[in-house]
Each structure stands twice: as structure tokens, then as C-alpha cells.
Amino acid sequence: MEFDANRPIWLQVMKALEMDVITGKRRPGEKLPGGRDLALSCGINPNTAARVYQELERANLCETRRGMGTFVTEDEAVIAAVREQFIRQTIQDFLRSMAQLGETPESAARMILKEEA
Amino acid sequence: MLESKEVTKTFGAKTAVDHISLKLEKGHVYAMLGPNGSGKTTWMKLAAGLLKPTYGMVCFNGEQVSIESRKHVAYMSTEPYFYTWMTVKDVGKYYQDFFEDFSYDRYLKLLKQMELTEKLKTKALSSGMMAKLKIAVTMARDAQAYMLDEPFNGIDLLARDEIRACILSYATEDKLLLLSSHLVEEMEAIADRAVFISEGRLVECVDLEEMRTRQGVSMADRYRQIYGHTEG
Amino acid sequence: MFKLMKYEFRKTWITKLILLGITAAAEAAFLFNLYTDKEDGLAASIGILTVLAIFGVLFIGLQSVITLHRDMNTKQGYMLFMTPNSCYKVLGAKVLENGLSILVTGGFFFALGALDITLLFAKQGQLNQIWQMIQDFIKTINEEIPLTADALAAFTFSLLADWISIVVTAYLADVISAALLNGKSFNGVISFVIFLALNWAFGWLLGIATRSIPNVVTSMLVQGGISLLIAAVMYVLTAQIMEKKLSV
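Protein chains in written order, with the working numbering: chain A, 1 to 117; chain B, 1 to 232; chain C, 1 to 248.
Check before you lean on any hint, since a few could be wrong.
What the hints assert, rightly or not - BS3-like mimics (lysine-lysine), calculated; alpha carbons at most 30 Å apart, straight line:
1) LYS3(C) / LYS109(B)
2) LYS89(C) / LYS75(C)
3) LYS119(B) / LYS11(C)
4) LYS89(B) / LYS11(C)
5) LYS121(B) / LYS75(C)
6) LYS121(B) / LYS11(C)
7) LYS6(C) / LYS121(B)
8) LYS75(C) / LYS16(C)
9) LYS93(B) / LYS31(A)
10) LYS75(C) / LYS93(B)
11) LYS25(A) / LYS15(A)
12) LYS89(B) / LYS245(C)
13) LYS184(C) / LYS6(C)
14) LYS184(C) / LYS121(B)
15) LYS244(C) / LYS14(B)
16) LYS52(B) / LYS244(C)
17) LYS71(B) / LYS3(C)
18) LYS93(B) / LYS89(C)
19) LYS11(C) / LYS123(C)
20) LYS52(B) / LYS14(B)
21) LYS121(B) / LYS16(C)
22) LYS184(C) / LYS245(C)
23) LYS52(B) / LYS109(B)
24) LYS6(C) / LYS52(B)
Source of the hints: derived by calculation from the structure; they are not laboratory data.
Treat the numbers as computed from the prediction; the structure is a model and nothing was measured.
Assemble the whole structure, with the sequences as input and the hints as a guide.
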């Protein structure tokens, strides 16, 4: 995995895992690799990998079952909320860029539809 | 786990390590950074007990480094140091003879990972193969602390991922890893703390993720901030 | 300790093997010349064997000093000093391995010499000029040695023990140079002067200690014993300096 060394690495790995979950690449209830395996497969420090799971748990996106490992949450509502949050973030980023180019949300929307057609 | 108290080492009129005080804790991978000649190698040799400090001391688990600490600290020097008559197998046997925490099975596994065979003569190894052999034999010890001086030196780009994975696989929460390198980018993701040394003095010891969060600065950026003006 | 000695032997065994090979060749030449009655060849091969015996023993000691020097002054020394062994053990292994090597080699040449002389007698049946030569040779070292087996054995032992003490004294001088005077100018010269001074002092000491012993054999044995004692003291002193001060 390639990282932007200027941003916290745990955050980048966490975002990548979040993406896997909301796109369905990792299913609800699926077992996630252990902290050490995650560290090895991404080539990151084990403490950083542990942090990834701490933060994912704090966001309720995964849960650790004692002695079993870490699993993607089965609560579809949480996944949907994260997905929604992600979509809104993407749109906001897009609109911010459009605003810099002097476009309003309406004109941007028109352009998107035109692009689609 | 490893504590340096005001450690100083002079060679004649030259001060290689100048009052370095530093505490390294287990469960972390430390990157020791600084330009060539900044004192990294000398500090490691002091911590390995190969050099005797001119002033101050290095302690391992509260005791001054000694014969006892050598049983638990695996040190890999940057220079090749095996006897010239040795084969790869002899090197393993030598470690097995002297280190209780050495596992020959683990050594064989690491040799395979590094694509080395027991029959090879150390005299005939390329610098890259020698670098791999040093890592294999050092990591085949189940030590409490590992100090690797320039582990990526002489190892080509493709093999570095392999080496990183190998080093990481032994970085558990009860171990201490200290890696020195001038290849800063190689260490960015595997280290969680960095020790910056300049002209024999400690500049700072930082938590990397905290630095990225607070200042949006990578280890390499910080390196440039600290040494940029001196290296031009 | 045994493991350390094993590797000390491993560092030097090739030279020892070569010495053994050359000796075997010289011995074969001696036997050949003896049984084909070639007087000139016989004299030459006896000369070669004598030189081999003397320089072989000297070289084994010298090589051990060179090995210690290399262990303290090159990267290869990390191999030794990174192991969890105190300098007492590291140096002890060197002293024992080399001391034994010198004694075994000396004993080997002594036995070989005895055998060859016996063969010479058996073949030629009387004292000849070669025997006279051996006698002259021994007289140049010590005039009082009678030509009896026990006296010669005691004499050989005292020579070997003396050589061992000289080698250990050389260790001390080299360690002083590497550990205490490192980086200072003339450190090689200073440590060499220390080496010469100590050897002179020990020679003087040995002279005093054995002056009042009338029996030559006893005197030789006492001399050898004192030499080994000196070697032991020099060893402790050297190891102490290494333990406290040596940086490799």
C-alpha cells in the first residue's frame, strides 16, 4: 500500500478499510485480518495497525469479539450512515472545487447531467 | 527498556556522541536518523557494549550494558563482520553456539525468504546478499531488543519490501526495534517513533503519527527541516 | 569456553595443518635419506626438521598474537565481542588454545626428534657428527644440560612454558596499545617497550628463582612452572584491562 507520508498513516488505512466495507468488498460480519496481519500486509507499524482498529471500533464500524478477532459490524444502519457520510464528504469536496471555478451547485448539477447524457 | 544516560564517546579530539540522553521503550519501532557521521553507528555500538563510553552509560532494563545484556540485545553492525572462512551455514552454527535465543529453524526460514543457501561462502557474497545474511542471522534470534544499523544498505529496491515485512513480522509488543538508516523514506511506514541525531547530539525523539496529525509533517519532511541547511 | 576455544582453533588450524604437512614431507625425506645412506641429504633433512621444530613453535605463538590484534582492531572482532562472553573467557580461550597448541606442537616435535635419534642410532650404531651437532646446538642455549632424556624433556618444557609466557606478555602489550593508548601517537612503540621491559624483568626473576637449585632437571621444571605462573598473572591483568577499557 502506498501512503501519503504527510498524513497520519492509521487514517489512510482506516479510510481504505471503510471504503472496502461501504463498497461491499468486505461484507457485514466478515472477519478482518488481525492487527499483526494488517501491519504485515500493508507494511506498516503494528502500533499503527492497532490504532486503525481502535478508530474503526470507535466509529462502530467493526467490533472485536474476545478471542475471536475483529469483525465488520452487522449493523447495516451503521454501514449506511458511513456510506452516506462518505458520499456527502465527496460531494462537498467536489462543490468546493466547483466554487473555486466560479460554478454554483445548480450549474454544477446541470453539467453533471449533461456529462451523463 | 534501553536508556542512554548522558552518553558521550570521544575518539581523540573528535566527539562522536555528545551527552545523549534517551529512553527507548519496548513495543515500538524506532528509526534512528541523521546524516553519515552524525553518531548513529557509534551510539549503537555503545548500546551493544562494543564501545565503552567516555562518559555516561547505556542501561538495558535498568542495568548497565554488559555480558548479560548481550544475551538479550541482537545487534547488527553495518559493516560485514563474519570470519572470512565461514559459509552461510557456519554463520548460523556460530550464532547457535553463542546465543541461547537463536533458532536454527528460524534461520533456515529466513534464509529461504532471502533466497540464500547454506552452502554459500560468505567471502563470495555480493554486498546485497551479505546485507540479507546479516539480517537473517540477527532476526533468527528471539531477542528482546534488536538494533539494526543501516539494514537497507546495499539492498535493492525490490528486496526492501521483503526485508521490511521480515523485520515487521518480529516487531511484537514486547520487543524493541531500533533501525538506523539514511534512507528515510524506507522507514516512514514501519517506524512509529523517530530519533534524530545531529553532530553527536540528540535533536529530538518524536512520535510519528502524532507529528503527522498535529503538524501534517512526514518523517522525511522533518528530516529536511532539521538537516536541510547543513546538507545544502 | 570450549566453544570459544573451538573457534580460536578454527582461526589458526590451516597454518597448523600446513606445518604438519611440511614436517611430514621433511620426515619422509629424513627416512628416505637414512635408509638409502645419503649422508648429505640426511644432514640437510635433519637441519630442516630442527628449523621446523623451532620456527613452528615460534610461529604458532606469533600467529596467536596476530589473531588477537586482528580481533581487536578489525570489524571481524565484532564476531567475538558481540557474544555474551566476558573478556576473561574470550582471552582465556585464546591463552588455553594457544598454550595447548604450543605444548602439543613442542611435545610432538620432541617425540619426533627422540624417535629420529633412536632410528639414527639403530641404523648407524654409534655417535656420529650429527649427534655432535645436536649437542653443540643445545650447548649454545644452556651449557649445563646433560644429554639425558629427562633433562631434555624438562628443558623442552621450560622453553615452551617460557614461550607461552612471552606470548601472553605480548597479548598484554597489544591490549595496552589497543585499549589504553588507542589513538595516541607512538602507541605501538610504547607497548613494544613495555613488552621488552616485562620480558627482561621476568628473565631476571627466573634467574633469581632458580639460582639456588643445584639439580638441573628440578631447576628447569621450576623455571617452566614459574613461566606458566607469569603467563597466568599476565592473562588476568590483560583480561581486566580488556573488560574495563577495550572498545572494538
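Here is what the structure says about each hint:
1. LYS3(C) / LYS109(B): 25 Å, holds
2. LYS89(C) / LYS75(C): With a Cα-Cα distance of about 20 Å, the restraint between LYS89(C) and LYS75(C) holds, given a limit of 30 Å.
3. LYS119(B) / LYS11(C): Given pair LYS119(B), LYS11(C) holds - Cα atoms ~19 Å apart, limit 30 Å.
4. LYS89(B) / LYS11(C): Holds, at about 16 Å.
5. LYS121(B) / LYS75(C): At roughly 18 Å apart (the allowed maximum being 30 Å), LYS75(C) and LYS121(B) satisfy the hint.
6. LYS121(B) / LYS11(C): 16 Å, holds
7. LYS6(C) / LYS121(B): Holds - the C-alpha atoms of LYS121(B) and LYS6(C) are around 20 Å apart, at most 30 Å.
8. LYS75(C) / LYS16(C): 24 Å, holds
9. LYS93(B) / LYS31(A): Distance ~42 Å between LYS93(B) and LYS31(A) Cα, so the pair is violated.
10. LYS75(C) / LYS93(B): It holds: about 19 Å lies between the C-alpha atoms, which stays within 30 Å.
11. LYS25(A) / LYS15(A): 13 Å, holds
12. LYS89(B) / LYS245(C): 33 Å, violated
13. LYS184(C) / LYS6(C): 34 Å, violated
14. LYS184(C) / LYS121(B): 38 Å, violated
15. LYS244(C) / LYS14(B): Holds. LYS244(C) to LYS14(B) sits at ~21 Å (cutoff 30 Å).
16. LYS52(B) / LYS244(C): 8 Å, holds
17. LYS71(B) / LYS3(C): Judged against 30 Å, a Cα distance of about 16 Å means the pair holds.
18. LYS93(B) / LYS89(C): Roughly 19 Å between the alpha carbons, so the hint for LYS93(B) and LYS89(C) holds.
19. LYS11(C) / LYS123(C): Distance ~41 Å between LYS11(C) and LYS123(C) Cα, so the pair is violated.
20. LYS52(B) / LYS14(B): Within the cut-off at roughly 15 Å; holds.
21. LYS121(B) / LYS16(C): 22 Å, holds
22. LYS184(C) / LYS245(C): The hint holds at about 15 Å.
23. LYS52(B) / LYS109(B): Status violated; Cα separation ~35 Å.
24. LYS6(C) / LYS52(B): Satisfied, since the Cα-Cα distance of roughly 27 Å is no more than 30 Å.
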